[in-house]
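Student: If you want the building blocks of each chain, they are given just below.
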Amino acid sequence: MMPPLKFSRPKSICSLLLPAIVTVALSVAPVAFGQEGKGASSNDWFVKSAKDRTEKAQTGISGGEKRDIIPSLPGMPIPQTDRKKPPSPDYLMAKVKWGGSAVIDQKLTEDWNLAPNDMLEFHKLARSKGFKYMPTQTSLAEFSYDPALMPAILLGGVREVKFTPTQINRLRQYVLDGGMIVCDSVYGSPWFYESSLKVFDDMFPESRFRVLPPDHPLYHISSDIEQVTYRSGGEGEDGKPFFEGLYIGSRIGVLVSKYGLGCGMAGEMEIFDQLEKKGLKPKAYSKESARQIGENLAPYIIGYGRVGEAEGKAELFGASDQNAPTSEFVFAQVKHDGSWNAHPGAARQLLSRLEKDSAIPVNLKRVSVDLNRDDTSAYPFLFFTGLDDFTLTNKQIKVLRKHVDQGGTLVINNALGLATFHQAAVREMRRVFPADEFRLLPQSHEIYRSLNTISSVKFTPALMKDQGEKLQNRPVLFGVKIKDKLRVIYSPYDIEGGWNEVRYPLSRGYQSESAKQLGCNIIMFAMTN
Amino acid sequence: MMTDSDLEQLIAAWLDGRIGAAASEALQQELRGSAKARAIFQRFAQLDAVLRETADTENFGAISQASGSSVSIPKPIPATTRYAKALVAIAAVIIVVFTATYYFQHVKTDRNIARIKGLNGTLTWIGDGGQIVQGSASPQTETRWSNVLSEGAELPGGTIEGMAPDSWFELEFHDGSTSMISGDSILTFSDRGQKELRLKQGRFSADVMPQPAGKPMLIHTPAAVLEVIGTQFDVEAGPVSTMLYVREGKVQIGRVDDGKTVVVPAGHRVVVATGRAMLLLPVTPDRTWAQTPFWENISTSGDPDSMATQETRDDDGAHNLVLSEEPARLPAQDAGYTIRPGDVFEVRYDWLGGIWWTDQDQIAIKLFTTDNDLISGTPTTFATLLSGPSTAAGVYETASGSSTVPATEARKRLFVAIDTQDGAGELHGVAHLDNFQLEVTHFPELGSPRLDDFQLQGADFSDPPPEPTAAIIIGGSLRNGDFNRK
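Line by line, the protein sequences give chains A and B. According to our numbering, the stretch in the first sequence is residues 1 to 529, in order. According to our numbering, the stretch in the second sequence is residues 530 to 1015, in order.
It should be emphasised that the hints constitute simulated quantities derived from the structure, not laboratory data. Note that the structure is a prediction, hence the values are computed from the model and not measured. It cannot be assumed that every hint is accurate.
As the list claims (entries may be wrong) - Heads up, simulated DSS-like pairs for lysine-lysine below, C-alpha to C-alpha not over 30 Å straight-line:
1. A/K287 x A/K124
2. A/K483 x B/K895
3. A/K483 x B/K941
4. A/K51 x A/K132
5. A/K485 x B/K729
Let the hints inform the model, and build the full structure from the sequences given.
Tutor: Here is the structure:
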C-alpha cells in the first residue's frame, strides 16, 4: 500500500508528482539505472537519516542587533576591548532550509534536513572547545545575509541545489562581505556535490574551487588533521581529508565537502547501510573524522570571519589602461590562474603607510595586471602573490623576463605561507629565470636599510611556534640578481597579510608592523635601484 | 720505344706461350703506348690464326696447344709448286679474314662480362690472366692503364679491391644487373652463364635482374652463401659474420658452417654468424627530419625531406642518425635548456664510420648559443667536442667530451649540433651516430643559502657549500637522444 503523502508547500502538478516519483523510486531496490552507485536520479538518495532529537534549534533568525559575535581564538591574546564585552550570544552557523519535502514512511523528509541532528552536534563540539553558540536554521527568504549576524550558513542535502537569481545575488554579496557557505553532501550524493560545485562556480566567475592543501589552516586550527578515515568511499584519497574551497581573498568563501559530514558528526551511520543495500555508493567520513573536522570548522569560521570583515571592505582599483602620473608609485599586482588576490585591501594599507613615512608620491589605487594582455612597461614594480598552485603561460613567462631584463622589479609573496604556493613559486620562477638562483638576502643587504632599518622582525604565532628558534627574528627574503641588480624578490613567508591589520589564524608570516616596514623598504629599494 | 724487330720477337714469344713475366710486362707497356705496335701485334695475331687454321686443315702438325700459341714467325716453309703456293695464299687470305672477324667479334667480346658503370678512389683490379691493374677514378697522371679502370671499360671478370675508405666501384653486367662495393671491400666476380661473386670483406650492394632459371646469382662470403634470383639488397661481410638487408624481392642466405638457410624477404635483414640465431628483423623505413622529433637539419642548403635517421647499420637495433661531411647536412636541436653560470656540459654517444669515412675524419659536437635564443639566429659556438679518429673499423665505438661554459653564455638558450670534421680533404664521408646524451652538471657559486635548499617548514641558515647537481638534458627518449622517436 502506498504510504500517505503530505506536502509542506504544494505548488503545482509537478511538485505533486515529485514525491510520488520519489516514493516509487525508493520502493525499488537495488537501483537499476544510472552510473554505478549514483542512482538513476537524485531522488534515489532522498532518505532521512534519523529522527529529530528533542533539542530544537532556534528558528526565524532574520536580523537583530549588530554585535561583534566572534570571540578570540583559543591561545590568542584577547584584546582589552573584547574582554569588556558581554558574552557573545549567539549564532555561528545557520542551517539553510532549501528544496522540497515529502512524507515518506510517515516521516517528514526535507532536502535541507536529511541529517537533522548535525547542527546540534556541531554546536556541541564547538561548545566543548569554548565557543558557545546556539544552533539555528533559516530560510533564504528570512535570512539577513549579514556576516556580522551570521558568519556562516550550512547547506546540506542529496539532491541538486538550485537558487533563484535574487538568491544568487544575495548569497554572492553575503560571501563577498565576509560570510561563509558550507556545503555538506550529507550522504556523499554526487547529485548534490556536483550541483553545488556548479552553482557556486557560476556564482563566483572570478574564482574557482581548489582542493585545500594539507597545510591549510582548516586542517590545523584546532587540532592537526593529517589523516582521516572514511565510512564509505574515499578510496582515492589516501587517508587524507578532501575539501574543496572557493577562495575570497585568503579565506574560504564557499567550502564543499564531497564526503558526508553531518551524519558522522551526529553519529548516525545506519543510513549508509540502507543506501548501500539500494545499490548506491555513499561517500562519508567516519564518525571520528567527521567530529574532528567539525571541531576545526567552528574556529575556522570564527577566525576567518574577522578576516572576511577586513578583506570584505570595498577597495578601489585603478584601471590598467589608466596612465598614472609618471612620478607616482603604482602598485601593480599580477593576475594569474591561482588565487592571485590573496589579501584584498592590504596593498592600500601599505601604500598609506608608505605615503606617510616617505616622500614618495604614491597612487593609492592598486592596479591589477594581466600579463597575457596588458602592457606592463608603465609599471616598474610588479607584485605577485598567491595562496595555492598556479602555472604561468609562455606569454606570462616572456613578459616577466622582459620586465626584469628592462630594469623592473618583481616581488613575489607567499600569502599565508602555505607550502603549495611555495612549491609552485619555486617551480614557476625556475621557468621564468632558469639560469638564475634565488639566494637568501643577507642581513646586511641594502634592502633592510632603504627606508627603515630592520635588524629584527616579528613573525606570526604559527610561524614562531614552528620556526621561531631557527629564524631568530631575522627577515627571510630571497632574491635574484639580473645584470648585478636585485630584480626579483621572493618572500616565502607572508608579508602582505600583515599590511592588513587583521589576524590571519595560522598564517605563517610577519606581524603587522614588521610586514609594513619590510613592504615599505622593498618598494623604496625598487624605486631607487 | 723498342725497335720493330724486338717487338716482333716479343709478340712471337707471346704467341708461342713462352714469354716471361718481365717480357710480358714490356710488351703490354709497348702495346698500350704505341698504335704502331698494336697494328703489328694485330697483324701477327691474324697470321698466327691463319697458320693454325691452315695447319689444322692440312694436318701440318700438332701446333695448336691448350693454351696460348706456339707458332714462331717466321718459319721456313717447305718448297712447293707455284700453283700450290697460289692456292695456299688464296686460302690464307680467306682464312685471315674469317679468323680475324671471329677473333674480334667472338673470342674477345665473349671474355668480357661486365662494364664499369662508375668508380671512385683508389682501386685494384686483378684481371683475367692474373694481370694486376691499379687505377684511380681521377688519376693525377695519365698512365697506360688509365683506360682499363675507367668508366665504360669492359672487364672479363676478376677481383676488384677498394684500397681506401672513399673507394667505390660499380659494375654493370651485360644483363643489366648492377653491383657496387664501397670502402675497403674485396669482390671477385665472374659470369660463365651463372654469375658467381665472392665478397671476401666489406660492403656490397646489388640490383639484380631476373636470372636464368636454375642459375641464380651466387654470392659467397666467409660466413654465408647467398642465392639471388632478382632483387635489390645490401651485404656487409666480415671475417666471421655477414649482414644481409633485402630492399626488394627476396634472397636466400645460407650459413657456411652448417648449411642452414633462410629466405629473407623485402624490408628485412639478417645477420649470419656462427652460433647466432638467423633471425629475420624487419627494417623500418628511413625517416626524414620531419619524422625525427627534436632534431632538425639547420644546414642552409639542406633538404628537409632528406633522410635523417635509418635503421640499417644501427647500434642497438633501432634508428641511428646519419651524418655526412657534405655541407647539406647539419643535425641540431634546441636543447630546451638555459645556460647557468658554472655549468659543465658532457656529451657521450656511439658512432660508426661509414662509407667514404676516412681515418682522419671525426665527429664534432658543437654547443652554441644564438643572438636571439632561436636556433635560426646567428650562432656563437662556445665548445666543439671532437670524437677523435675511429679506432675500430666496422663497429660502433663510444666517444665523449666535456666543456665548461664561459660566463658570457650564461642565461642564453643552449643549442647542440652534430657536425663532422674533415681530415682527408674529401667531403663525402658518411658516419652513423646513436645514443646521444648531453648532461649538464651545475656547480653552484658559493654564497648565501639557495632557495633550492630552503625548507619552508624547516628553515636552516647554515651555509654549506652546495653540492653540484647533474641532470640529463638529452638522452634516451628524452628529447630523442636515441633517435628512435617519431
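Student: Compare the structure with each hint and give your call.
Tutor: Now the hints, each set against the structure:
no., hint, verdict
1, A/K287 x A/K124, "15 Å, holds"
2, A/K483 x B/K895, "27 Å, holds"
3, A/K483 x B/K941, "13 Å, holds"
4, A/K51 x A/K132, "25 Å, holds"
5, A/K485 x B/K729, "70 Å, violated"
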